[in-house]
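*Asks:* Sequences are here, hints too, so could you generate the full structure?
For the record, the sequence lines run as chains A and B. Quick note on numbering: the working numbering labels position 86 of the first sequence as 86, and the sequence is numbered without any gaps. Quick note on numbering: the working numbering labels position 23 of the second sequence as 23, and the sequence is numbered without any gaps.
The hints are simulated quantities; they were obtained by calculation from the structure and are not laboratory data. If a hint is listed, it holds; no wrong ones were tucked in.
In silico lysine to aspartate or glutamate, DMTMM-like type, Cα no more than 25 Å apart, as pairs:
hint, chain 1, residue 1, chain 2, residue 2
1, A, LYS156, B, GLU285
2, A, LYS158, B, GLU168
3, B, LYS288, B, GLU16
All values derive from a computational prediction rather than experimental measurement.
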Amino acid sequence: MPILWLRVALGFYALGLLSALLALTRQSGLLRIALPAMSVGMVFNFVSLAEAVIPLGPVALTSVHNAESLLALLVMAAFMIVYFIYGTTSPGLVIFPLVFVLTFAAATRQQPFLFTSPVLGGWLIAHIALIFAGYAALFLSFTASVLYLIQERRLKSKKLGGVMSRLPALQQIDEIGYRSLLFGFPFMTLGLIAGMVVAQATFGHLDFLDPKILLSLLMWAVYMVMLFTRWNAGWRGRRAAYLATGAFVAALIAWSANYFSAIHKVVQS
Amino acid sequence: MNFQLIGVNHKTAPVEIRERLDIPVASLPDALKRLVQHAGVDEGLILCTCNRVEVLAKTRNGSADLRAFMRDYFRVEPSTYESHLYEFSERAAIRHLFRVTASLDSMVVGEPQILGQVKEAYATARTAGAIHSHLDHLLTRAFAVAKRVRTETNIGASAVSVASVAVELAKKIFGSLNGKHVYLVGAGKMSELAARHLLAHGAASIFVANRTHERAVVLAEKFHGEAILFEQLYDTCDRADIVITSTGAPHAIFRREHGELFLTRRKNRPMFFIDIAVPRDVDPEMNKMDGIFVYDIDDLQQAASSHLADRTQEADRAEQIINVEVDRFHDHLQTLTVVPTILSLQDQLENIRKAEISRARARLGSLSPDQELAIEALTHGIVNKIMHTPITTLKSAARTSEPTTVIDVVRRIFNLTERDEAQTAPQRPDSPEESEN
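*Replies:* Structure (C-alpha cells):
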C-alpha cells in the first residue's frame with residue numbers, strides 16, 4: 001500500500017511542478033493549481049510514509065526509498081514554512097523539481113534496508129529525522145542562494161521585466177537563506193550526535209577514518225564556518241550565496257559517501 | 001517664421017554623450033550670447049536638463065548652421081555626438097518644443113518637472129537678452145499648450161515619476177523600506193521629490209548634504225531630517241541604505257574606494273545609489289561591487305518604460321492636442337507673414353481716401369454734420385470693398401507654402417513700400433509671469 005500512496009503523491013507533485021513551470025512561461029493563474037496540488041501531494045506522501053513506518057517501526061526509514069520519500073516531505077515542509085512566513089512561492093522553482101525527482105526515485109524502485117541496528121530504535125529515528133531536517137534546511141538555503149544570484153544579476157544588469165519579476169526582494173531572499181541555515185544547524189548537529197551514538201552502540205567504537213563519518217564532520221565544519229563568517233564578518237549577498245552552495249555540495253558529498261562507507265552498508269555486507 | 005532646433009535627448013544619446021554636452025547653469029548666459037552672435041541666428045534658447053540638450057533658434061533665413069554652433073561651443077570631437085543629433089525646422093521644431101514642454105518627450109511621460117525646466121531656460125534666455133518677440137511668442141504658446149495638455153488629459157495625474165520608479169527599485173532590493181535611511185547628496189528639486197516618495201513608503205529618516213550647507217539645512221528641516229556638512233559626506237554616508245545624488249560635480253564623487261569603505265562599515269548590508277546627476281556622481285564601476293546597486297538616470301528610464309504602456313492612451317490624446325495646437329500656431333504664424341502687407345495696404349488706401357476728401361472739401365464748401373457722415377461712410381465703403389479681395393487673397397495665400405508671390409503681386413499693384421521689420425513682430429498675448437501660475 002505505501003507504494004501506491006506514494007505514486008498518488010508523485011502524480012500530484014508532477015501536476016504541481018508542471019503547472020508551476022507553465023506559470024513561468026505564460027503569466028497565467030496556473031500557480032493557483034500548483035500550490036494545492038503540491039499540498040495534496042504532501043498529504044499522500046505523509047500517508048505513504050506512515051503506512052511504511054507503522055508496521056515496521058522507525059527502522060523502515062532506513063530503506064533508501066523511504067528515506068527519499070521522507071526527504072521529499074521535509075523539503076516540501078520547509079517550502080511551506082517559507083511560504084507561510086514570506087508569502088513567496090519562488091523557491092518552488094528549485095524545490096519542486098527536487099521533490100519530484102526524490103519522490104519519483106522512491107516510487108519506482110524498492111530497495112532493501114541499508115541498515116539495521118539491534119539497539120536504540122529511538123536514537124536511530126532521531127538520527128534520521130534530524131539529519132534530514134538539516135538537509136532540507138540546507139537545501140532551502142541553497143535554493144535561496146540560487147534565487148539570490150538570479151535576482152542580484154537582474155538588479156545589476158537592470159533588466160527587471162520578464163518571468164522572474166515575481167522574485168522576492170533581494171534582502172528577503174538573503175534572509176530566507178540565512179534563517180534556514182540557522183534553523184538547520186542545530187538539527188544537523190544533533191543528528192550527527194545521534195548518529196554517532198547509534199554507531200558507537202552498534203560497532204562498539206567510532207571509526208573516524210570511515211569516509212561517511214569523515215565527510216559528515218567535514219560538512220558540519222563547513223556549515224559552522226559559514227554561519228560564523230556570516231555572523232562575524234557580515235558576509236552576505238553574493239559571497240554568502242557561494243558559501244551556502246559550498247555547504248550544499250559538501251552535504252551532497254557526505255550523502256554520496258553512503259555508497260562507499262562501511263557504516264551505512266552494514267546490512268548488505 | 002524660421003524656427004530651427006537641434007539637440008540630443010535620452011532617446012537618441014546615452015548618458016555618456018549627454019553629459020559631455022552638458023552646459024553648467026553658470027555658463028548658460030555666455031552660451032546664449034554666443035548663440036545669438038552665430039551667423040544667421042536672431043534669437044536663441046538653450047534647454048539643458050539631465051535628459052536633453054537642445055538649442056532652439058529663430059533664424060534669419062531658416063538655414064543657420066546650428067551644427068557649426070555646437071562644434072564651436074562644445075570642445076568635443078563632433079563625431080562622438082553628431083550621429084545622435086536631431087534637427088527640426090519650422091513646423092517640426094514647433095511641434096517638438098510643444099511635445100517637450102508638455103512632457104510627451106520625457107523619459108517618464110507626464111512627469112511634471114520639464115515644464116519648470118523649460119520655463120527656467122526661457123527666463124535665463126530672456127535675462128541674457130537672447131529672446132525677443134518671436135521666441136517669446138512661441139514659448140508662451142508652448143507653456144499654454146502644456147497647461148492645456150495637463151488639464152485636459154490624465155497624463156500627469158498618474159505620472160510615474162523617476163521618484164516612484166526609484167521607490168519600486170528600492171523595494172526590489174530591500175523588501176520593505178521601513179527603517180531604511182535615505183541620504184540626499186545635493187539638495188535639488190528632483191532629490192527632494194524622491195525623498196518625499198521614499199518617506200511616504202516608510203523610509204525612516206533623511207540625511208542631507210549639500211555644498212551650500214544652508215540649502216541642506218532648509219531641506220532637512222522640511223523632512224525633519226538631519227543636515228550634514230558636505231565635508232563629512234564620506235564619514236557619514238554608510239549610515240544610509242539609499243543614497244540619492246544630484247550634485248553638479250564635474251567628476252564622480254562616489255568611487256570604488258568609497259564603496260569598499262561603506263561596505264566594511266556596514267558589515268556588507270546592501271546600499272542603493274540613485275544617481276540622477278548629469279554628469280554622473282557615482283562611478284559606474286561601483287555597480288560591480290557585491291552589495292552595491294547603482295542606477296543612473298538612464299537605468300531609471302528603462303525601469304520606467306514598463307509603465308509607459310499604461311499611459312499610451314492618455315499620451316495619444318495629448319498628441320492630438322499637440323497636433324491641433326501646432327496647426328493653430330503655424331497658421332497663426334503664417335498669417336503673420338502677410339500682416340505687414342495688409343497693414344501697408346490699409347495705410348495706403350486710407351491715405352488716398354483722406355487726401356481725396358480734403359481735396360474735394362474745398363469745392364464742396366460747408367457741409368452739415370449729416371453730410372460729413374455720409375461722405376465718411378461712402379469713402380470707407382469704397383475703400384473697404386476694394387481692399388476686401390486683396391486681403392482675403394493674402395490671408396488664404398498665407399496658409400500655403402508660398403505666400404511670397406501673392407504678397408509680391410499685391411505690393412506691386414498697390415505700390416506698397418516695405419514696412420519696418422519690428423512692426424511685423426507679433427504682440428505678446430500675455431506676459432510670461434501670468435502663464436507661470
